[in-house]
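Could you put together the complete structure from these sequences and hints?
There are 2 protein chains.
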Amino acid sequence: MRLKELSAISGISQASIKYYLREGLLQPGRQINQTLAEYDEGHVERLRLISTLRRLEVPIDSIRFITARIDDPECSMSDLLGYVQLIMLGREPDFSRPPTPEHPAVSRLVDDMGWSRRPGQTLSLLSETVRAITDLGVPVSDDVLLGYARAADAVAEVGTGVTLRADTRDRAVLIASVGMHSYNKLLLSMVAVAQASAVVSATDA
Amino acid sequence: MRLKELSAISGISQASIKYYLREGLLQPGRQINQTLAEYDEGHVERLRLISTLRRLEVPIDSIRFITARIDDPECSMSDLLGYVQLIMLGREPDFSRPPTPEHPAVSRLVDDMGWSRRPGQTLSLLSETVRAITDLGVPVSDDVLLGYARAADAVAEVGTGVTLRADTRDRAVLIASVGMHSYNKLLLSMVAVAQASAVVSATDA
Chain R
21 MRLKELSAIS
31 GISQASIKYY
41 LREGLLQPGR
51 QINQTLAEYD
61 EGHVERLRLI
71 STLRRLEVPI
81 DSIRFITARI
91 DDPECSMSDL
101 LGYVQLIMLG
111 REPDFSRPPT
121 PEHPAVSRLV
131 DDMGWSRRPG
141 QTLSLLSETV
151 RAITDLGVPV
161 SDDVLLGYAR
171 AADAVAEVGT
181 GVTLRADTRD
191 RAVLIASVGM
201 HSYNKLLLSM
211 VAVAQASAVV
221 SATDA
Chain X
21 MRLKELSAIS
31 GISQASIKYY
41 LREGLLQPGR
51 QINQTLAEYD
61 EGHVERLRLI
71 STLRRLEVPI
81 DSIRFITARI
91 DDPECSMSDL
101 LGYVQLIMLG
111 REPDFSRPPT
121 PEHPAVSRLV
131 DDMGWSRRPG
141 QTLSLLSETV
151 RAITDLGVPV
161 SDDVLLGYAR
171 AADAVAEVGT
181 GVTLRADTRD
191 RAVLIASVGM
201 HSYNKLLLSM
211 VAVAQASAVV
221 SATDA
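Chains as they are written, first to last, in the working numbering: chain R, 21 to 225; chain X, 21 to 225.
Derived from the structure by calculation, the hints contain no laboratory data. Where hints are given, some of them may not hold.
No distinction is drawn between identical chains; accordingly, a pair holds when it is met within one copy or between any pair of copies.
In silico SDA-like cross-links for lysine to any residue, where the CA-CA straight-line distance does not exceed 25 Å [said to hold, decoys possible]:
| id | residue 1 | residue 2 |
| --- | --- | --- |
| 1 | K205 | Q47 |
| 2 | K205 | P118 |
| 3 | K205 | P119 |
| 4 | K38 | M133 |
| 5 | K205 | P121 |
| 6 | K205 | L100 |
| 7 | K24 | G110 |
| 8 | K38 | A174 |
| 9 | K205 | V160 |
| 10 | K205 | I195 |
| 11 | K205 | Q141 |
| 12 | K205 | E43 |
| 13 | K24 | Q47 |
| 14 | K24 | L166 |
| 15 | K205 | D132 |
Here the structure is a predicted model, which is why all the values come from computation and not from measurement.
Dropping the structure here:
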């Protein structure tokens, strides 16, 4: 299909498509002659991913980072989804930074839960979060961590299967990012309701 | 104590204190003469709360909203903490907006969990979140909601007691806001690690 058709099918303006091509988020079409290029279903799918990520307010640089990893056969599925996680938590994957040493409480937890230590970025984020919280003077006991980890395991079961059954990497990233964005919001609103309910019970008692 | 001493004890500049007084976040001191006012321990505590909320990137308008409720004896503890929750989830409490009707799945859930329906704002947020997610095309089954709710209940137990044992409302809000900010981050990083681990197990299998 030509640019005009790609725009009609994807619902994205030709100007935006040209911008994504310039920015390298979208691979160039197959060049037919100097002014015409042919696009395919892969381009439609990529545009669907880009427009979804933009709607979720992911910055262009982070989208470029992710699409480059989708197109890189050396990047494994678990690394790819690890990057999606960091980005959906509002972080920018930064290779110039040395990895954070594991927080001792996190090491114990990962062993207790039988969790994998890959991909490392996600585990670094957890260690950093535990450090930031203790720096604020908020206690983080092993019991609290374990309680949260069990809750997290229950939550993680939802969606992982659906993501991995996707037939393209673009589609897997789309499902994973919408899922994380949505379910993270859901979880936090749910915790707020549960806490509010606990406060009401306690103050009525 | 005088302004100078209040500034030294709280570690907040006199200019900032004057700004908080002008903005109504801090109650005026007891006027001794036309140029001198006397401040007390309550002012120190309020400044501690304000500077913590600013460090957590809460906008000044939201801080003003919260401090006004702390000072309003008509505002119950559970309503007060409900507002803190909304603000820590990045929302501004808005009284001009009609309350969101309960999502049917949320109604069933609240009944199943035996949760309180007060304060209503938090429940509205949950209903809105469920609606936003289904609008995105992401399925939200009763089973998923129930699984999340159980996890949320486990998480909510942590901290509620500590908050309610605080001996002033300023202190309760301080503990609640730092706790929510920290533990929400912790929970999301934990879910990310659990998901990453589930992906690694599934793709290795």
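Which holds for K205 with L100 at a C-alpha limit of 25 Å: within a copy, between copies, both or neither? both (22 Å within a copy, 22 Å between copies)
Could you place K205 and P119 in one of the four classes (within, between, both, neither) given a Cα distance threshold of 25 Å? between (27 Å within a copy, 19 Å between copies)
Checking an output row: K205 and P121, CA cutoff 25 Å. Within, between, both or neither? between (29 Å within a copy, 19 Å between copies)
Taking 25 Å as the upper bound on the Cα-Cα distance, should K205 and Q141 be classified as within, between, both, or neither? both (22 Å within a copy, 15 Å between copies)
For the identical chains here, do K24 and G110 meet the 25 Å Cα criterion within one copy, between copies, both, or neither? Answer is neither; intra-copy 34 Å and inter-copy 40 Å both fail.
As a check of your reading, is K205 near V160 (CA-CA no more than 25 Å) within one copy, between copies, both or neither? both (23 Å within a copy, 12 Å between copies)
At most 25 Å between CA atoms: does that hold for K205 and P118 within a copy, between copies, both, or neither? The answer is between: 22 Å across copies meets 25 Å, while 30 Å in one copy does not.
Within a copy, between copies, both or neither: which one fits K205 and I195 at a CA-CA cutoff of 25 Å? both (15 Å within a copy, 22 Å between copies)
At most 25 Å between C-alpha atoms: does K24 with Q47 qualify within a copy, between copies, both, or neither? For K24 and Q47, the Cα distance is within 25 Å only inside one copy (16 Å; across copies 63 Å).
Could you place K38 and M133 in one of the four classes (within, between, both, neither) given a Cα distance threshold of 25 Å? Neither: 47 Å inside a copy, 51 Å across copies.
Can you tell me if K205 and Q47 fall within 25 Å by alpha carbon in one copy, between copies, both or neither? neither (32 Å within a copy, 35 Å between copies)
If the cutoff is 25 Å on CA atoms, where do K205 and D132 land: within, between, both or neither? Let me know, please. between (27 Å within a copy, 21 Å between copies)
Against the hints set out earlier in the document, violations occur for numbers 1, 4, 7, 8, 12 and 14.
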